[in-house]
Each structure stands twice: as structure tokens, then as C-alpha cells.
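Colleague: Sequence:
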Amino acid sequence: MGRFRTDDAPALIRAARLDAGLTQTQLAHRAGLRPPSLMQMEAGTQTVSGEMLERVLRAADYRPSVPLAMQADEIAACAESHGLSNPRVFGSSVRGEDDFDSDIDLLVTPSADTDLFDLALFVDDVEKLTGFPTDVVSDANLPVQLADAVREAVPL
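Residues in the sequence shown are numbered consecutively from 0, following numbering that gives the first Met the number 0.
No lab work stands behind these hints, which were simulated from the structure alone.
Note that CB positions come from ideal geometry on N, CA and C, so glycine has one too.
Possibly wrong hints are sitting among the right ones.
The calculated label-pair distances, taken between Cβ atoms and stated as ranges, are [said to hold, decoys possible]:
1) L115 - L17: 33 to 39 angstroms
2) R2 - G43: 30 to 36 angstroms
3) R33 - G1: 19 to 25 angstroms
4) P34 - S84: 28 to 34 angstroms
5) R33 - D114: 49 to 55 angstroms
6) R2 - V149: 26 to 32 angstroms
Model the full assembly from the supplied sequences, consistent with the hints where possible.
Modeller: Structure (C-alpha cells):
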């Protein structure tokens, strides 16, 4: 299984291409594909393997901020299902410095019943939804080294 969900390939390719400001032809050339092949992938008429999807998304420099914006409601619902509230984003995605190799940095408020397993399960859910590695930090007893993260964090 690849990093990104292949059943979402057409939407992912289109979102990445539009975010990068590329035409289908430009993205096809960057990915080393023939333009008709990319057009078929984006239209959903050609099956896309996990490896091919990652190749196309890398060529478009698909960034974590794109799926974060597209799936904010789903991510917030996942947080709530694990006893977490107030999910906020910090780091490169907030600063507009994210790229294909960036991760997602989230800050959350745990309920009194939340434990480390809840945080780990939430990380797994976000990674499956977005395809990007994710770090989640609790704002309860936050180390002083992460004070800047709290100041720059913005709601999903």
C-alpha cells in the first residue's frame, strides 16, 4: 500500500496540480508522463498505482497544507473521537513553507480521559487521511521549547 489513497487519485492529482498552478501538460512533463496519461488519471479513467500517484504528487510538490484544508472537518471529527479538542496547525504548513517532504504538525487539547494511545490513534488517522507524516503535541503541560508553536498555531 502506498503513502496516498489511490481511490482518491483523481481528486488528489487535480488538487496538487491546481495548487501548483500547473496545466495537465506541464505536470505530465514534470512527472515524465505523456499528457494523455495524466489526463486519464485525473479524469479517473485510468487506474493509478500507489507508486505512480506518489510520483505525480511529488512532481506537483503536493503540500500538507492542501489536504489539511480539504479535510479539516474530517480531521477535527477524528480528534473529537479520540477525546481531543481544539486541533490547531503549526510549523511549515502555517508559514507557507511546506513541501512534499514536510510533515503535519498539530497541537491539540486532550480531555481528562485522553491517554497516549488516543494520541497515537489520532496520528494514524491523520496520516491515513492526508498521506503525510504527522506529529501531534498536547497543549497540556507543554514544554517551554514549544511555546513558539502555541503562538503560531491556527485552527484547522
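Colleague: Does each hint hold? Answer for all of them.
Modeller: Hints, verified against the model:
no.	hint	result
1	L115 - L17: 33 to 39 angstroms	38 angstroms, holds
2	R2 - G43: 30 to 36 angstroms	19 angstroms, violated
3	R33 - G1: 19 to 25 angstroms	21 angstroms, holds
4	P34 - S84: 28 to 34 angstroms	46 angstroms, violated
5	R33 - D114: 49 to 55 angstroms	51 angstroms, holds
6	R2 - V149: 26 to 32 angstroms	29 angstroms, holds
Going through the hint list in order, the structure does not satisfy hints 2, 4.
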